[in-house]
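Peer 1: So the sequence lines, in the order shown, correspond to chains A and B. Each residue of the first sequence is one higher than the one before, counting from 11 in this note's numbering. Each residue of the second sequence is one higher than the one before, counting from 11 in this note's numbering.
Hints are computed from structural coordinates only; laboratory data are not their basis. Here the structure is a predicted model, which means the values were calculated and not measured. Be aware that one or more of the hints could be misleading.
Which copy is meant is left open, because identical chains are indistinguishable; a pair holds if it fits in one copy or across any two.
[What the hints assert, rightly or not] Below 20 angstroms or equal to it, Euclidean Cα-Cα: the simulated EDC-like pairs (lysine to aspartate or glutamate) are:
no.: 1; residue 1: K31; residue 2: D98
no.: 2; residue 1: K31; residue 2: D16
no.: 3; residue 1: K31; residue 2: D20
no.: 4; residue 1: K31; residue 2: D192
no.: 5; residue 1: K31; residue 2: E158
no.: 6; residue 1: K31; residue 2: E103
no.: 7; residue 1: K31; residue 2: D123
no.: 8; residue 1: K31; residue 2: E189
no.: 9; residue 1: K31; residue 2: D141
no.: 10; residue 1: K31; residue 2: E166
no.: 11; residue 1: K31; residue 2: E137
no.: 12; residue 1: K31; residue 2: E129
no.: 13; residue 1: K31; residue 2: D86
Listed below, chain by chain, are the residues.
Number of protein chains: 2
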Amino acid sequence: MAGSLDALIDALRRLPGVGVKSAQRMAYHLLQHDRSGAVLLGRALQQAATGVQHCSRCHTFTEGELCGVCADTSRDARLLCVVETPADQAALERTGSFRGYYYVLMGRLSPLDGVGPREIGLPGLAERATDGRVEEVIVATNFTAEGEATAHVIGEMLRPRGLQVTRLARGVPVGSELEYVDLGTIAHALADRR
Amino acid sequence: MAGSLDALIDALRRLPGVGVKSAQRMAYHLLQHDRSGAVLLGRALQQAATGVQHCSRCHTFTEGELCGVCADTSRDARLLCVVETPADQAALERTGSFRGYYYVLMGRLSPLDGVGPREIGLPGLAERATDGRVEEVIVATNFTAEGEATAHVIGEMLRPRGLQVTRLARGVPVGSELEYVDLGTIAHALADRR
Chain A
11 MAGSLDALID ALRRLPGVGV KSAQRMAYHL LQHDRSGAVL LGRALQQAAT
61 GVQHCSRCHT FTEGELCGVC ADTSRDARLL CVVETPADQA ALERTGSFRG
111 YYYVLMGRLS PLDGVGPREI GLPGLAERAT DGRVEEVIVA TNFTAEGEAT
161 AHVIGEMLRP RGLQVTRLAR GVPVGSELEY VDLGTIAHAL ADRR
Chain B
11 MAGSLDALID ALRRLPGVGV KSAQRMAYHL LQHDRSGAVL LGRALQQAAT
61 GVQHCSRCHT FTEGELCGVC ADTSRDARLL CVVETPADQA ALERTGSFRG
111 YYYVLMGRLS PLDGVGPREI GLPGLAERAT DGRVEEVIVA TNFTAEGEAT
161 AHVIGEMLRP RGLQVTRLAR GVPVGSELEY VDLGTIAHAL ADRR
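Just chain A, with the same shape it has in the complex (with noise of 0.2 angstroms):
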């Protein structure tokens, strides 16, 4: 077989979830179907690696110094929404009910992973939260054991700074029926009910 198709299966195997099997899928289905599709994906892969970078202000990605939404100013100040990722952060703008600014720690405390503190950027955040401006803190990480352990740590480290900091409301999903919601669920609903 060809050396730079072998080269090609292995390059993709780098993909998260990507076993041996699938990467030779892939190859083959780009190779013999769509080679357009794998110039195209060669370029955005290239241009994606050397372009993006962190946002100087709130670390989601970015191609410029600041994103879109750190370089809005009309937006409140007094609000900061800590979340996971880019992905989480693009969720809760898609509900247009959030008008503040972020933080994204570009995941989550896991120790076992060798994933610390300062791998997650907490300094910057204490930095970027403490900037006089912002009051509240929302931690929307996720409600994982580490997401919840992240959340945890991010309150311990604000709240002494005279921040305000809290956390999404847990409760039933919308549209959702009570037989089928968990029981952890269930019980933070009731224990939060208005």
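Since the structure of chain A is already known, use the hints to place chain B on it.
Peer 2: Here is chain B on its own, set in the frame of chain A:
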């Protein structure tokens, strides 16, 4: 979000089996944890897309005029094995028990998807098999409905030209227990008992 990040996510969706969520996950992973992987994959794609062609004799992927197998003059020119994909050829090669040449269809007959005899190179196969040296054509297409139909068409095409056309044996897989083998396979294994 960055324009070249969106472009990368769109491009990743050209890969088979990759939807929006997987593409996002792949893009974030590469940009956050594996930039060198992104550059490597980008380069591998460009190189494969421009460098990989089809072997002029067997149609498999190769970088030269002939693939390694076709260029090997020590093999048995009387045997020609027809497979659907380079992966199938690789599987047969790994057994070490076939010393003839291959013809790679790069697909299978699938009229509903617009894949006819011309798309899988059957005219080229007819020419290749009648080079005066080939005596037996072993049809190793998959034992799926489409693979069987392809094998049937190949048999109809080559038998009138005086070639012996055979098919891989169907039977119980090595190491398997009868209880868990499907009935069609057992029936075939019974009929082809030896």
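Peer 1: A separate judgement is required for each hint: does it hold in the structure or not?
Peer 2: Hints and how they fare:
1. K31 x D98: This pair counts as between: shortest inter-copy Cα distance 12 angstroms, intra-copy 31 angstroms.
2. K31 x D16: within (12 angstroms within a copy, 27 angstroms between copies)
3. K31 x D20: within (11 angstroms within a copy, 23 angstroms between copies)
4. K31 x D192: neither (36 angstroms within a copy, 24 angstroms between copies)
5. K31 x E158: neither (36 angstroms within a copy, 23 angstroms between copies)
6. K31 x E103: between (37 angstroms within a copy, 17 angstroms between copies)
7. K31 x D123: Classified as neither: same-chain Cα gap 27 angstroms, cross-chain 23 angstroms, threshold 20 angstroms.
8. K31 x E189: neither (40 angstroms within a copy, 28 angstroms between copies)
9. K31 x D141: Neither: 50 angstroms inside a copy, 34 angstroms across copies.
10. K31 x E166: Answer is neither: 46 angstroms inside a copy and 33 angstroms across each miss the 20 angstroms cutoff.
11. K31 x E137: So K31 and E137 fail the 20 angstroms test inside a copy (46 angstroms) and across (32 angstroms) alike.
12. K31 x E129: neither (33 angstroms within a copy, 24 angstroms between copies)
13. K31 x D86: neither (49 angstroms within a copy, 30 angstroms between copies)
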